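Number of protein chains: 2
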Amino acid sequence: MAKKFVSMRSLKFFLYELFDVESLTQYPYYQDHSRETFDMALDTGLKMAEDLLYPCFSEMDKNPPKMEGGKVKVHPMVKTLMKECGEGGWISAPLPYDIGGQQIPTMIMTAFRYILSAANFSAVIYPFLCSGSAHLISSFGSQELIDTYAEKMFSGRWQGTMALTEPQAGSSLTDLMTTAYPTDNGYYFIKGQKIFISAAEHDGTDNVVNLLLARIKGAPLGVKGISLFVVPKKRVNASGELEDNDILCTTIYHKLGYRGAPLTQLSFGENDDCRGWLIGEPNQGLRCMFQMMNQARVDVGMSAAAIASAAYYAALDYARERPQGRPLMEKDPTKPQIPIIEHTDVKRMLLFQRAIVEGSLSICLQCAKYLDMLQVVDGEEKERLSLLLDLLTPVVKTYPSEMGVLSVSQGLQCLGGYGFCEEFPLEQYYRDMRINPIHEGTTGIHGMDLLGRKVIMKNGLALTFFYEEVTKTIESARDIDSLSSQARELEAALEKLKTVTTHLIGLAEKGETALFLADATLYLELFGIIVIAWQWLLQAVTISPKITDLSSESEPDYHFYQGKHHAFRFFFEYELPKIDGLIKRLMNSDGLTLNMATEFFDD
Amino acid sequence: MAKKFVSMRSLKFFLYELFDVESLTQYPYYQDHSRETFDMALDTGLKMAEDLLYPCFSEMDKNPPKMEGGKVKVHPMVKTLMKECGEGGWISAPLPYDIGGQQIPTMIMTAFRYILSAANFSAVIYPFLCSGSAHLISSFGSQELIDTYAEKMFSGRWQGTMALTEPQAGSSLTDLMTTAYPTDNGYYFIKGQKIFISAAEHDGTDNVVNLLLARIKGAPLGVKGISLFVVPKKRVNASGELEDNDILCTTIYHKLGYRGAPLTQLSFGENDDCRGWLIGEPNQGLRCMFQMMNQARVDVGMSAAAIASAAYYAALDYARERPQGRPLMEKDPTKPQIPIIEHTDVKRMLLFQRAIVEGSLSICLQCAKYLDMLQVVDGEEKERLSLLLDLLTPVVKTYPSEMGVLSVSQGLQCLGGYGFCEEFPLEQYYRDMRINPIHEGTTGIHGMDLLGRKVIMKNGLALTFFYEEVTKTIESARDIDSLSSQARELEAALEKLKTVTTHLIGLAEKGETALFLADATLYLELFGIIVIAWQWLLQAVTISPKITDLSSESEPDYHFYQGKHHAFRFFFEYELPKIDGLIKRLMNSDGLTLNMATEFFDD
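Read top to bottom, the protein sequences are chains A and B. Mapped onto the working numbering, the consecutive letters of the first sequence carry residue numbers 61 to 663. Mapped onto the working numbering, the consecutive letters of the second sequence carry residue numbers 61 to 663.
Bear in mind the hints are in silico, worked out from the structure with no lab data behind them. One or more hints might be untrue.
Distance condition first, Cα-Cα at most 25 angstroms in a straight line; then the derived DSS-like pairs of lysine-lysine [stated by the list, open to error]:
#, chain 1, residue 1, chain 2, residue 2
1, B, 606, A, 277
2, B, 558, A, 638
3, B, 122, A, 126
4, A, 644, B, 556
5, B, 277, A, 395
6, A, 644, B, 644
7, A, 556, B, 638
8, B, 122, A, 133
9, A, 391, B, 638
10, B, 122, B, 139
11, A, 122, B, 133
12, B, 391, A, 570
13, B, 133, A, 556
14, B, 131, A, 131
15, B, 251, A, 284
16, B, 558, A, 644
17, B, 395, A, 284
18, B, 442, B, 518
19, B, 644, A, 122
20, A, 391, B, 64
21, A, 122, B, 570
22, B, 395, A, 277
23, A, 251, B, 395
24, B, 638, A, 644
25, B, 518, A, 638
26, A, 395, B, 558
27, B, 277, A, 558
28, A, 122, B, 391
29, B, 251, A, 126
30, B, 122, A, 391
31, A, 395, B, 251
32, A, 518, B, 122
33, B, 518, A, 556
34, A, 638, B, 556
35, A, 251, A, 277
Coverage of chain A stretches by chain B, computed from C-beta distances (three or more under 8 angstroms per stretch; other residues unrestricted) [unchecked claim]:
#, segment
36, 396-410
37, 473-482
Here the structure is a predicted model, which is why all the values come from computation and not from measurement. Note that beta-carbon positions come from the ideal geometry of N, C-alpha and C, so glycine has one too.
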């Protein structure tokens, strides 16, 4: 197996050169941090990744969780990981001091998790799912709930989960049916089914704390009647002991990838004795949950970029080592074969992967920066960043996921027949990656979210802010010789995006809602390409002095900056042109798919 | 599991309405055949697929071949399948009468195998790999070899294989090292290693007959010194008994998909007693082998289309059954949920799959028709069809494979979380499909073959014939109201292809060979889209009278023709526009990938 799954050089470029995470420390909220604490976090992440996670990457896939008598047995590394993440403070690290956190910037935690996810995607879900749900309890729960759960979860002794999906509802939260029956004892009786819940039953922790969406008996129909509950696998009884809370794990799914973590189906209250505690106000469950959503979606994008990174380095390693064929014009079979990395088409496949990996990581950290800034700014700037983040959330979730699938596939292709075999890790990356366009909202859902909600909210204000941001980058690139043509291209692309958007909004204004949204997924794809082009131009602007200054191969970082510059050019020359086909389609709103009768699909 | 994996209605449209396979029976070679024998073949195929293959589809994946002590145990169905295919005459069916065949048109056999492959891709490899290698022996082998092997292989009692790839050579046939040492006994001693050989060791047949590429001791270096041999697992000794031939199966690969068939690594002559018999002339091995290559590549395209077909019907079945969400403007949660097929984005995903499946199948059967016509025409027409087939071979292999991966992925996406789970078949289709862009030449190899060989051969004559064929279709569509805009679009696309091709050939003429071929893979992608657009326009022309005549839903076939017409429109509106981005890149020959130093990839 390749030794490298992530480039620390590249990660530090993003953090320190491009997004200047150190600048956050000027704000009181982050003032206790410094380059030293950030580097320490990254070094610790790399060490955990190399020593603990990466060695189990294949093993956890080949020995997935097993269920016996309702109990799920997972790889023993999970227990160690939860302990190390708990003791090291990594589960609570991003949270505010007042709820037990360390106020580490989201940018650093995103980088930290990126390193771990590149080493072992499935394993990372355990501690950081815990982080998210503990954060919810700490933010919205009563003091009693916080006292009961938060510290146990922060220390990694109790697993946290998010239990949303139900069999009859899927993506349609409106149709959630799990019910909470009020009692006079401060808790509710919970009855219902949940599916696709990660890590809700396993032996790597002493308990599991499910955050569950349910409907209080008699609550309004639809999403307005959904509340959020803490429903532990084992509840604490009056004498402080743990007792069973009537939750049955009925199934663990056997799945394509992401096999290191159990995906469970749960039945709550089969014996009418499952107790749940309300978090926040009744019927405000979605509002609480959505506070975590932007973060959760950045995390999906980050995970996708991480898997693609690991696949890239595995493909690169193979391409360097594997001799096959000769230079194009060399017909002499006595000449030695060359490593396949010297074939132009292999270079193309590798550059494609880099362009995707680093473009994706860039937008993830850009969004992480918005999350960090939202902690420290107020007023108009807060609204501006908040709207930018909302607008970019469907992109940061979807672009790395969808393009990551293609990126890993190209990595696999670099290995030819070996890419298809289990002795190399590419086939596992290929399987693991495929979950990302599905979970945390499918690509189709995010297309609707972007066009049907984010683009038009506040009369297009988020979009205006986005155009301004991109235009700023274009302006800064315009006068740099090596970037001026790309600056013009992005400018033209942005104009085209405006034209398409105006056309589509025109349909909405005419009341043609179905037509307006018919190709929302393609609109998201178009939008994504332009966002990533913007991120690449931003990177190119940042490195442009280095490209000029470092003229000799012998200087440190010469290769790094040249590689980055080539990947930037690749994106503009191979990926950005894809917008033309999308625009052609999006401007042609003839309702072809909309009007396809369902009977026509038969034969 | 969905009941349907293939549409017989659609298949019969291609055979009888579009490509008029019956017209072949006017030629003496095919005169014994008729619509009745063709229908009988298709019905038998469907029956075998439904009764024998489909029920084992998942089982063969979950219980892949096992190796113990050099012996490989496969699913017991393999034995039944070989027997039925042998006794039914299906292994020899496409071959000429004089070597034991039935002269069934390739179009019919392609359809037959398509049905079987849609039901169970892995299983189909056993009988039809046998068919191909038996055909080689029958065409080029001595009478003694034919007498010894052909009938045993035709009857399905002995498995045939093709043993090409070697560990140090991969795609580079120049570097084959397996050696044949001449003896005075009419055979050679064989020594060497082969990898990735399908079905070369298993207990579903009594013997295995490997067709092997090797170099006779002292032969010229490179591809000019490669000969073809029959190397059986067990050889027939003087007394007519089978004895071991010193071939060791050292490994079977554990792989992403295609798990129902063993992919083996073989060691020949470890005890210096492996005997091989030359087929054809010394050093002419590749010429013999390549005679099978066009057919083999049509078969890969056909298999890819078949898997995509099965995935489409599984996704369709789910989309019809699964209620989720409500119509776009329906906010009342008391209204019932609707099947997801009624959501526009799901229709889009389904139409995409259809456009790929039927566009791919169309080009496969188009090439099969060329193969059939090559049996019965002579002179200039034979050269013309032969050149067309050569030109289209990289496309028919690659387009269904590459786009099939995306098509199956969209099928999986239709199922959301369930698509990722083993209880539905999509995840297996997703895994099985991924072999197709790799085997029988990777996509990169076929890009080079198309641009570097086929396009320029005979001074571009094949390309000229191709332009003529497409133009004929455009002419026939131009005056049909419902097709005229698509006719113009294809005409414009063809002009763009000519411009790109002229630009690239200009580079070759200037001696810029590396630049000429740098984006050959993208050129193949561009070419493929135009080929499939041509095939869709051809289909649309064929059905256009029906679209006019059948105006009522109650008429039989109304839904079928409407569905086909919508899929045709989908291809032109969603897929054909993708050429613009490709053309933009291909016209910009700045050598970006070519000049990327390998050191730049590091970080």
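Original post:
Any of the earlier hints contradicted here, and which numbers?
Top reply: 1, 9, 13, 14, 15, 19, 20, 21, 25, 26, 27, 28, 29, 30, 32 and 33
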